[in-house]
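Peer 1: Based on the sequences and whatever the hints tell you, model everything.
Protein chains in written order, with the numbering used here: chain A, 1 to 217; chain B, 1 to 220.
Read the hints as simulated data drawn from the structure, not as lab findings. A hint or two may mislead.
Stated by the list, open to error - Which stretches of chain A does chain B cover? Using the computed rule of at least three CB atoms under 8 Å from a CB of chain B, they are:
1) 9-22
2) 76-86
3) 159-169
4) 172-179
5) 188-201
Predicted, not measured: the structure shown is a model, and the values here were computed from it. Where is the CB? At the ideal position from N, CA and C, for every residue including glycine.
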Amino acid sequence: MGQYRAWVEAYGVAFLEAAGWTLAVAVASFICALIWGALLFFARLRGGIWTDRIVDGYVQLLRNIPVLLPIYLIYFGFPLAGLLWPAAICGGIALVLQNGAYISEIFRGAYKAIDRVQPDAARSLGLLPWMAFRKVTLPQILVHSIPALGNQAVLLLKDTSLLSAITVVELTMQAKVLTERTGAAYAPFVVAAIFYLAMVSVIELLARTAHRSVRWK
Amino acid sequence: MEMTSSDVWVMAHAAQISLALALCSIAFGTILAVLLTPLAFARLAIARFAYRLYVFVVRGTPVLLLALLTFYALASYWGRISPYAAGVVVLTIYLSALFAEIFRGGVLAIPNPLWDSSKSLGLSRRSIFWRVVTPLVARYSLPPYLNVCVMAVKASSVLSIISVWELTFASREIIERTLDVYRVLAVASVFYFIMCFAIDRVGRWMEGRLAAKGFAGEPA
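Peer 2: What follows is the structure, encoded as structure tokens:
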């Protein structure tokens, strides 16, 4: 244990900073992925058959390749296109592209779970289609999606570790740097794991609380 | 510089290694999960706690971090070890937690009356396990199990970062040599897509077949 204490005292600030990067990338990417996923979902809902096919192709493709490929695509591809963006932004975009695909499927699953007669019932009450969607369908989609979105947020948080492959100094990279620089066996990785587990626990708690607070209203 | 057709062959070879890594880890991970699942239902509270802790830690930590931790930890005990061995160990640990949770869900999905009726038939604990629990859990678990198999193929790409030469590592090598980013990644995507999509389709097909026989899904 003494080893760990010495670690935390000497490198606590470095770890906190790295954890800040992890959290910042994860939160920003998750918000953008929610928006991107919602756009994809609405495109499939409202668009014609070709929109549906294109979005479906996009979703299937990104669900069946590892995240590292979009990360490399943007990190190595953008400079070729003349865009010299920071690695953290490139990685963030890749995470948004992939998680947006998953999130659009989550919304679609939640939408399908809604009873088909409800839109008709809402219309028979005199609600316009748009109001029926906003007041009846949309709230249910959001409520049904919360647990799956919580899971997705955990997956996204863990995937931010892959940005270490493109030089972003987040938790995993920081742990690796400190391991190599100080010759420690593996203590920094244990510290990084504790940070991740704490963040995952907070996300799970938030998702559970959010779901419980809206479920029966 | 453009990638050549020999680069495509190199990538095809690398894709086989990715698949082999994934399949090995799926096999070992399944065995480990079968051993872990009973812990979740053990009478001893400490065994249940150990199971939950294992699942929590493995599922809450990024695969890359697990990989680095295992790689460096194993190396500090046994000197430099093969990254392939470390890679299979890591994926096995990762998959065993996911599989164990799936099997646990499968056991929980067995309708309660079934336990009583098998006991009332006088089946021994052993026959209950082999003739009632195992076939049902296998059927309930199959669709999510294959989902995790897709994740195994994708997770194997992470091992490229601990210097395991597989599809992602080979792609990055070729990109750095030729700068033909788009084409290399397109080829890599095709290989990954074929591997993952095939597993996914098999999963859906089986789901359909099992549902038709009334086994999959929520028990009545």
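Peer 1: For this structure, which hints from the list above don't hold up?
Peer 2: 1
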